[in-house]
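So the sequences go chain by chain: Y and F. Here the first sequence stands for residues 3 to 255, numbered as in the working numbering. Here the second sequence stands for residues 1152 to 1457, numbered as in the working numbering.
A hint or two may mislead.
Unchecked claim - SDA-like cross-link-like pairs, simulated, lysine to any residue; straight-line CA separation at most 20 Å:
1) 1379(F) to 1403(F)
2) 86(Y) to 29(Y)
3) 1291(F) to 84(Y)
4) 1291(F) to 1305(F)
5) 252(Y) to 1369(F)
6) 1369(F) to 1379(F)
7) 86(Y) to 1237(F)
8) 252(Y) to 1222(F)
9) 86(Y) to 194(Y)
10) 86(Y) to 101(Y)
11) 1291(F) to 1353(F)
12) 86(Y) to 1241(F)
13) 252(Y) to 89(Y)
14) 252(Y) to 1167(F)
15) 252(Y) to 1171(F)
16) 252(Y) to 1248(F)
17) 252(Y) to 1237(F)
18) 1291(F) to 1243(F)
19) 1291(F) to 1248(F)
20) 86(Y) to 1291(F)
21) 252(Y) to 1403(F)
22) 1291(F) to 88(Y)
23) 1291(F) to 89(Y)
24) 86(Y) to 1369(F)
25) 252(Y) to 1165(F)
26) 86(Y) to 1430(F)
27) 1369(F) to 1353(F)
28) 1291(F) to 59(Y)
29) 86(Y) to 1266(F)
30) 1291(F) to 1277(F)
31) 1291(F) to 1266(F)
32) 1291(F) to 90(Y)
33) 1291(F) to 87(Y)
34) 86(Y) to 1222(F)
35) 252(Y) to 1163(F)
Honestly, the hints are just simulated from the structure, not real lab data.
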Amino acid sequence: MIGLGLRTLLAKEVRRFLRVPGQTVLSPIITTTLYFVVFGYSLGSRLREVEGVPYARFIVPGLVTLGVVSNAFLNTASSMFVMKLQGTITDLLVSPLSYGEVLAGFVGAAVIRGLTVGLLMWAVAGVFTGFGVAHPLAAIGLLLLIAVGFSALGFITAVWATSFEQINFFPTFIITPLTFLGGVFYSARMLSPGLRRFTLLNPLFYLVDGVRHAVLGLSDAPPAAAVAIAAGLCAAALGVSYAMLRTGYKLRG
Amino acid sequence: MGDPVVSVRGVEKRFGGFTALAGLDLDIRAGEIFALLGPNGAGKTTLISIVAGLLRASAGTVRVLGRDVVTDYRYTRRHLGLVPQEINFDPFFTVEEALRIQAGYFGVRLSEERLEEILGALDLAAKRHVNARALSGGMKRRLLIGKALVHAPEVLFLDEPTAGVDVELRQQLWRYVRTLQGRGTTIVLTTHYLEEAEELADRVGILDRGRLLLVEDKAEVLRRYARKTLRAALATPLAELPAPLRSLGARLEDGGRVLSLDAEPGESFGPALAALAAAGLAVQDVETQRMRLEDVFVTLLRGERP
Ligand SMILES: Nc1ncnc2c1ncn2[C@@H]1O[C@H](COP(=O)(O)OP(=O)(O)OP(=O)(O)O)[C@@H](O)[C@H]1O
Ligand SMILES: [Mg+2]
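So here's chain F without its partners, still in its complex pose (with noise of 0.2 Å):
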């Protein structure tokens, strides 16, 4: 697997007296794309501020590329690209001055053509000259993008780059992260659009009250805790089901034009199909569905399990 990219040990941070983290340990590898989720307030920005050095962690320790973001900050920053949170703008600027001014902070010149690929993938590119105070707030949200990606960075954050964003774009911006991921950089990413981390991430780990719940490949998150129901369209309505179909935990719906049986993650339907078939029931149409991530998350923070 390589070092980790990201290495965050026994990392705490109180404000005053409240603890919005409560040390926590975690690594992301070389190429990923991670989704940290957790609910308002759960501590993602916080987190994500201390990698940057945005904040400053009360205990623990962070490492990018193996140095230290604290004692070695000007290396670990040069490889780092940060979209906040919180939309800012220099009103005294126009889109390619602050992009401009924001690669000279990292000491990289930006070339005409580094500036137009920007410009395009984020669909700028008719706007360049305009002043950011006249952007609109999902183009403000865009250039901060923009302004992460000047200096190239092996890791991006991204805390919500989505929100704001419409339909169009964010699909767009979608695979844009994927070409960067292509290009070999690391992402993390925060998100309240569940579909955003299903479609995009490769490990999610779920963040509540400044503790990690889990941490795990987004697949085997699926695999392991999304449940999985069955619909069966009857050819002729039932008005009772068969007792072995009953046993199993089967039900009617739809006024007994429909079958429906839930399996537990990593249970099969085998013998539902089978005891189906057994009936001598006549079925037009079947279908199966499975938790998104976003139910499987809602039923995590509930704790109904582990």
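Next up, chain Y with everything else stripped away, as it sits in the complex (with noise of 0.2 Å):
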């Protein structure tokens, strides 16, 4: 049963992302579209397969993810810190719904935002590429811990934050090179064994392999590792963030 309290911020928020659509949905998928146009088809057309999957079709996993990533992520960081640049949070703070419920809020609308473009992002790809997923359920079921546990993050992030610049270096100076240094364009076994031992640090490596298992039926590492690491990450993501609201911290002076 969700209360309605809980029903209302998660509606207000996914109102929030819906009401600039360019800016929260469309423009991810452009950014995508561009990637997966000028790597996948115009110089994939160029390139050999990648483990017997032509490259157009290799790419489209880490692309998503990325997508997914990057959306779940922003979507609780910005809100969050607008609300606290605003004022606004002062509605939340003073209101009864508990700490899960106003995580469950942010964190339900972020990962509605992330799986939302990541679907869209599989459909557009899917008219260059086909559509076939090799393992469906297992594609959803990473995605969705992944963007659970990114959008925690997010909100971590916001709550300690106190500039935009904060809020940003964490997608810009950490998320997309380590998604883009996981495997998105490459496969890990390509590498030579220096290049292959750092990329096997990478946890993002490691849910990027794990989602192209899932849709395309191939994997550099046991796509176990990817399930425990995303919920690992969601485990201590929600926790930090629950106890952050508990403890009040910096939302309560």
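The two chains are supplied separately, each in an independent frame; assemble them into the complex guided by the hints.
And the structure:
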């Protein structure tokens, strides 16, 4: 049973990103479509297959993962941070919503945005490369975990941050580089042993690889590693978010 | 008197090394209008924020309707309304949407009737479908008041509710505050307009540098601290005061046409009036003035009295 309070917060957060669909939904789709067209389609037609899959098809899971990760993160991070700046966070802080409900409202809306963007990206790519998915349930389950984990991470960042600079730091300097270096555009098997060892230290590599396994049925690492990392991230980030709300860290002086 | 609706015990608030509240005890009684007064930085907003759950106290406890505001926050917040001092608004939503969303947070579905009542009381009916961004400053503050009322709270905190609100609407708001009190709502307000406190409050508390200087019935404060002044207009101007009147502290003003005399709180003008009659002076008119709450406030803060 979801109470009216949580439903209100969830609906408000979803409306917030739907009011500016160009920014929140369309722009990530266009960006990824461009990646896809440039790297996958035009260059890809000259590249060989990767592990028996056409290159254009090979990069789809990584791009979708990147879309889910950054949209989930940005939705909580920007919404929470703007509420802090505008002072509208007061409306929530004086309300009887429980800490869990506040967290569920923010994370829920961010997950909806992340998965919507991911789905639309997959659909756009599907037009070029086909819609086949090896393990649909695993793909949805894993992307859901990833979306929850990164939206909670966005929540933590926004509660902690005092400037937009700090909000942008995480996606620009950590998430995007780690995802790109995490095998969105190549298989770790193609790398020299040195680079390969470096890649294996990157947690985003396992997430991209896990999604690729679910979508294409091929992987560099055991798929269980992706599930473990995504679940671990969820547990840790949700735990820290909840603790922040409960102790009033930064939010209640 | 019944149990206090809000009970503050030993509440301290420190911001780093700075002490904003230095161990406060305060009870707010059911159904009263309590005016929390004090200069800028006294700690009024800090205290209200702790009760409403916007801030955590560094020490001490606050109970609302008998329940702790930290451990039992869902219960206490359901019964509290707060109009914050700082104006905030979400530029994504209209007036109606803002009210409905705030009600939703409290688990309340706003009926059309209730929505219209709130919009009407705050004179926002014409702005119902207008984006909050497009409201004037005073209208934004009224919207804040509306948001605090959506769940019909039993205790309402108004942190400078009329700052920037025009004269006519201020009086309309005062009437609405009394209507709410009539329905049993307990109201705590802060204001720098002392006439607002004088007009509305049953009791006043004066806070200064994190300490309560005084908590008292408003009428008692005025009776106890407000000096009175008597002014008698004389039929013929006097060059010099008769000795008995001079010894009572009377003085001549306005070129000898007016005789004026101060009385300490609780002191009577009886002897002065008798001396006036005994001196055989013809008096055209008599008026007495009492210090306003504002003057009492200034006097108290200067530390001239207790
Ligand atoms: N978040 C904060 N961090 C540090 N100091 C703070 C903070 N909030 C308030 N203070 C300090 O605490 C003191 C009390 O502030 P408060 O806002 O409660 O005053 P006030 O009585 O409401 O004043 P005003 O009439 O100006 O609204 C001030 O000295 C203020 O600078
Ligand atoms: Mg204040």
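Right, here's what the structure says about each hint:
For the suggested pair residue 1379(F) and residue 1403(F), the alpha carbons sit about 17 Å apart, so the restraint of at most 20 Å is met. Between residue 86(Y) and residue 29(Y) the CA atoms are separated by roughly 25 Å; this puts the pair beyond 20 Å, and the hint is violated. Of the pairs offered as hints, the one joining residue 1291(F) and residue 84(Y) holds, with about 18 Å between alpha carbons and a cut-off of 20 Å not exceeded. At most 20 Å may separate the alpha-carbon atoms for a hinted pair to count; residue 1291(F) and residue 1305(F) exceed this at roughly 23 Å.
This hinted pair does not check out: residue 252(Y) and residue 1369(F) have alpha carbons roughly 38 Å apart, beyond 20 Å. A C-alpha spacing of about 16 Å is found between residue 1369(F) and residue 1379(F), which places the hinted pair at or below 20 Å, so the restraint holds. Taking the CA atoms of residue 86(Y) and residue 1237(F), the gap is near 13 Å; set against the 20 Å cutoff, the hint holds. Pair hint residue 252(Y) plus residue 1222(F) holds up; C-alpha atoms about 19 Å apart against a cutoff of 20 Å.
A C-alpha spacing of about 47 Å is found between residue 86(Y) and residue 194(Y), which places the hinted pair above 20 Å, so the restraint is violated. For the hint pairing residue 86(Y) with residue 101(Y), the CA-to-CA distance comes to about 17 Å; that is within 20 Å, so the pair holds. Only pairs whose Cα atoms come within 20 Å are accepted, and residue 1291(F) paired with residue 1353(F) is rejected, the gap being roughly 28 Å. Proximity of residue 86(Y) to residue 1241(F) is assessed by CA-CA distance (about 11 Å); at most 20 Å being required, the pair is judged to hold.
For the given pair, residue 252(Y) sits about 13 Å from residue 89(Y) by alpha-carbon distance, which is consistent with the 20 Å threshold. At roughly 13 Å between alpha-carbon atoms, residue 252(Y) and residue 1167(F) fall within 20 Å of each other, so this suggested pair holds. With a C-alpha separation of about 17 Å, the suggested pair residue 252(Y) and residue 1171(F) falls inside the 20 Å cut-off, and the hint holds. This hinted pair does not check out: residue 252(Y) and residue 1248(F) have alpha carbons roughly 28 Å apart, beyond 20 Å.
In summary, the hint linking residue 252(Y) to residue 1237(F) is supported, as the alpha carbons are separated by about 18 Å, within the 20 Å threshold. Of the pairs offered as hints, the one joining residue 1291(F) and residue 1243(F) holds, with about 14 Å between alpha carbons and a cut-off of 20 Å not exceeded. Restraint check for residue 1291(F) and residue 1248(F): satisfied, since their Cα atoms lie roughly 14 Å apart, inside the 20 Å limit. Simply put, residue 86(Y) and residue 1291(F) have alpha-carbon atoms about 18 Å apart, close enough for the 20 Å limit, and the pair holds.
Under the criterion of a C-alpha separation no larger than 20 Å, the hint pairing residue 252(Y) with residue 1403(F) is inconsistent with the structure, at around 62 Å. Straight-line distance between C-alpha atoms of residue 1291(F) and residue 88(Y) comes to about 13 Å, which keeps the hinted pair within the 20 Å bound. Between residue 1291(F) and residue 89(Y) the alpha-carbon distance is near 13 Å, which keeps this suggested pair within the 20 Å criterion. Between residue 86(Y) and residue 1369(F) the CA atoms are separated by roughly 38 Å; this puts the pair beyond 20 Å, and the hint is violated.
Of the supplied pair hints, the one linking residue 252(Y) and residue 1165(F) holds, its CA atoms being roughly 14 Å apart against a limit of 20 Å. Taking the CA atoms of residue 86(Y) and residue 1430(F), the gap is about 72 Å. The hint is violated against a cut of 20 Å. Of the pairs offered as hints, the one joining residue 1369(F) and residue 1353(F) holds, with about 6 Å between alpha carbons and a cut-off of 20 Å not exceeded. Distance check on the hinted pair: residue 1291(F) and residue 59(Y) sit about 53 Å apart at the alpha-carbon level, beyond 20 Å; violated.
For the suggested pair residue 86(Y) and residue 1266(F), the alpha carbons sit about 27 Å apart, so the restraint of at most 20 Å is broken. Under the criterion of a C-alpha separation no larger than 20 Å, the hint pairing residue 1291(F) with residue 1277(F) is consistent with the structure, at around 14 Å. Among the hinted pairs, residue 1291(F) with residue 1266(F) is consistent with the structure: their alpha-carbon atoms are about 17 Å apart, no more than 20 Å. For the proposed pair residue 1291(F) and residue 90(Y), the alpha carbon gap of about 13 Å is at most 20 Å, so the pair holds.
A distance of roughly 17 Å separates the Cα atoms of residue 1291(F) and residue 87(Y); the hinted pair therefore holds under the 20 Å criterion. Straight-line distance between C-alpha atoms of residue 86(Y) and residue 1222(F) comes to about 24 Å, which puts the hinted pair past the 20 Å bound. With a CA separation close to 18 Å, the supplied pair residue 252(Y) and residue 1163(F) stays within the 20 Å bound.
Of the numbered hints given earlier, the model fails hints 2, 4, 5, 9, 11, 16, 21, 24, 26, 28, 29 and 34; all others are met.
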